[in-house]
Amino acid sequence: MFKTLFSRMLASYLAAEILVIAVLGLVSGMISRNHYLNVTKENLIREAKEINQIATDEYMSSDKRPIAREKIFAIVKQFDALLQLYFDDETIGKASFFDYQTSDKWRVSVETDFYEITKNARSEKSGSYTFYYDVLSDYIGSRTMTLSSPISSDDGKTFGTIVLHYNMDDIYRMLGELYNEILAAALAATVVTAVITYIITRRITKPVTIMTNTVNAFSRGDYKKRIRLKQKDELGKLGESFNEMADKVAGLEKTRRDFVANVSHELRSPLTSMRGFLEAMDEGIIPEEEHSKYINIVLDENKRMTGMVNDLLDIARIESGQSKLNRTVFDITELIGRVLITYESRINAKKIEVNAQLPGAPVFVDADENRIGQVLHNLIDNAIKFLPESGGRLGVLLIADKHAARVSVTDNGAAIPADDLPKVFDRFYKAEKAHTYSTGSGTGLGLSIVKLIMDQHGEEINVSSDDRETRFTFTLKRAQTPVKRING
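My numbering numbers the first residue of the sequence shown as 1 and each following residue consecutively.
A few of these clues could be false.
[Unchecked claim] Once the Cα atoms are required to be at most 20 Å apart in a straight line, the calculated SDA-like pairs of lysine to any residue come out as:
| no. | residue 1 | residue 2 |
| --- | --- | --- |
| 1 | Lys477 | Glu460 |
| 2 | Lys77 | Thr144 |
| 3 | Lys232 | Thr212 |
| 4 | Lys293 | Leu271 |
| 5 | Lys71 | Asn38 |
| 6 | Lys64 | Phe87 |
| 7 | Lys402 | Lys293 |
| 8 | Lys125 | Ser96 |
| 9 | Lys451 | Thr481 |
| 10 | Lys477 | Asp467 |
| 11 | Lys41 | Asn167 |
| 12 | Lys451 | Asp426 |
[Stated by the list, open to error] Derived Cβ-Cβ restraints for the label pairs, each shown as a range:
| no. | residue 1 | residue 2 | range |
| --- | --- | --- | --- |
| 13 | Arg346 | Asn462 | 22 to 30 Å |
| 14 | Leu299 | Asn326 | 27 to 35 Å |
| 15 | Ala185 | Ser62 | 54 to 62 Å |
| 16 | Val195 | Thr130 | 13 to 21 Å |
| 17 | Ala22 | Gly321 | 57 to 65 Å |
| 18 | Ile45 | Ala185 | 31 to 39 Å |
I should point out that these hints are in silico values taken from the structure, not numbers from a laboratory.
Yeah, the Cβ is synthetic: ideal placement off N, Cα and C, and Gly gets one too.
Build out the structure end to end from the sequences listed, making use of the hints.
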């Protein structure tokens with residue numbers, strides 16, 4: 001029934017509001033009832049005191065009794081009450097007073113025995129009052145309030161009992177009208193609050209509905225869908241966060257598609273080439289004496305494909321967190337020297353001028369030595385590939401301070417266009433300078449792997465390029481010189 005957030009919120013708010021209104025109505029009714037009852041009690045107590053004074057000062061005297069009766073009749077007529085006086089003096093006995101105009105109502109109650117009430121009243125101390133409800137209801141068909149009190153003098157001597165019955169029909173009729181007014185007000189308040197609650201709940205949940213519809217559309221592949229909210233509250237911020245996430249997901253999806261397309265292209269081209277050469281040799285189109293030449297071409301393409309697959313596996317392992325860093329303290333100067341030596345034959349073949357500016361003392365860093373070696377290999381290999389056949393210059397610069405070591409690899413090959421610089425670390429990016437595949441070697445993933453390794457270390461790598469040189473620079477955290485252990 002309440003499957004939506006809107007219905008649950010609306011039901012919860014309405015239930016709470018109805019409960020509050022109901023409690024307020026009940027409390028208001030109880031307060032009003034207690035007020036009327038207390039006012040009635042105060043009036044009866046005041047009249048009971050006056051009746052007690054008349055009874056003790058005048059009624060008990062036979063000479064003054066007629067005047068006292070007139071006074072008492074005036075009191076009960078004013079209140080439409082039934083007064084019964086029980087005197088301990090048998091010569092006076094019991095006396096009943098009521099308005100003769102309403103005698104039919106009270107007459108049947110005159111002879112009613114109130115033994116328990118009078119007994120209890122006689123046991124009370126002077127000036128005390130006890131109230132009973134509806135003791136005459138079965139006789140007169142009306143609701144009543146009965147007051148009992150001892151007839152006593154100022155010195156505390158008791159002469160009998162006052163029993164004063166008051167017709168409460170008018171009080172309860174007024175209370176009934178008041179209850180109806182409270183109920184009507186409560187119903188009106190419920191309707192008004194229900195409308196207001198509906199509007200507020202709809203306003204609160206509408207952004208959630210918009211977000212839900214947008215997320216559903218996004219999950220179905222509509223990556224252009226965005227949340228449009230005017231609120232500046234938490235929901236508005238949530239919408240902005242979703243839009244930012246959507247932009248990133250859309251970018252990632254585009255990257256994924258481009259990546260798949262690039263991988264397919266990079267694999268299809270050498271596969272097509274190898275198949276063509278092999279079929280040509282099989283069908284005799286290529287003379288047998290040239291088979292060795294084309295077999296070497298096929299092997300080169302196969303090696304490049306193997307390298308590409310290995311690079312893709314490296315990227316996958318790094319991004320999935322399977323490739324953990326093995327941080328150690330090592331001399332980056334020594335590592336740079338070892339990497340340069342591995343390229344000695346290629347450097348000599350292209351007659352490249354090497355300018356290695358390295359400190360004379362060891363520079364220790366805290367990093368994964370094998371991974372940083374891979375970074376140096378990829379950067380130097382990339383630089384050598386794009387150096388001209390003559391006049392090429394390769395530079396390796398190491399600058400160290402107290403906190404960091406900065407390594408730069410430079411070459412004087414063709415400059416990378418300014419618009420391409422932010423994209424050189426993208427996979428399979430096709431800018432001539434950044435794309436590491438050249439003359440049948442490379443995978444197009446070397447610089448992407450370099451960026452991932454540096455990100456894994458929490459370090460930076462930057463690239464700059466102009467007509468003079470292209471420079472790749474990365475940083476590493478410095479480490480304390482390790483202490484050598486002395487055996488013996």
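Hint by hint, here is what the structure shows:
1. Distance hint between Lys477 and Glu460 is fulfilled; the C-alpha atoms sit about 11 Å from each other, no more than 20 Å.
2. Of the pairs offered as hints, the one joining Lys77 and Thr144 holds, with about 16 Å between alpha carbons and a cut-off of 20 Å not exceeded.
3. With a C-alpha separation of about 19 Å, the suggested pair Lys232 and Thr212 falls inside the 20 Å cut-off, and the hint holds.
4. Taken as a hint, the Lys293 and Leu271 pair is honoured in the structure, with Cα atoms around 17 Å apart against an allowance of 20 Å.
5. Distance restraint check for Lys71 and Asn38: the Cα-Cα separation of roughly 25 Å exceeds the 20 Å cut-off, and the hinted pair is therefore not satisfied.
6. With a CA separation close to 16 Å, the supplied pair Lys64 and Phe87 stays within the 20 Å bound.
7. Proposed proximity of Lys402 and Lys293 is contradicted: the alpha carbons are some 55 Å apart, above 20 Å.
8. With a C-alpha separation of about 23 Å, the suggested pairing of Lys125 with Ser96 is violated against the 20 Å cut-off.
9. As the CA atoms of Lys451 and Thr481 are separated by approximately 27 Å, the hinted pair breaks the 20 Å bound.
10. Under the criterion of a C-alpha separation no larger than 20 Å, the hint pairing Lys477 with Asp467 is inconsistent with the structure, at around 31 Å.
11. Between Lys41 and Asn167 the CA atoms are separated by roughly 12 Å; this keeps the pair inside 20 Å, and the hint holds.
12. The hinted pair formed by Lys451 and Asp426 meets the criterion: a straight-line CA distance of about 9 Å does not exceed 20 Å.
13. In this structure the hint that Arg346 and Asn462 lie 22 to 30 Å apart at CB holds, the actual value being about 25 Å.
14. Restraint check, Leu299 to Asn326: a C-beta distance of roughly 33 Å satisfies the suggested window 27 to 35 Å.
15. Between Ala185 and Ser62 the beta carbon distance is about 58 Å. The supplied range of 54 to 62 Å therefore holds.
16. At roughly 51 Å, the beta-carbon separation of Val195 and Thr130 lies outside the given 13 to 21 Å, and the hint is violated.
17. Distance hint for Ala22 and Gly321: a CB-CB separation of about 58 Å, consistent with the stated range 57 to 65 Å.
18. The given range of 31 to 39 Å is respected by Ile45 and Ala185, whose C-beta atoms sit roughly 33 Å from each other.
Checked against the numbered hints given earlier, the structure breaks hints 5, 7, 8, 9, 10, 16 and satisfies all the rest.
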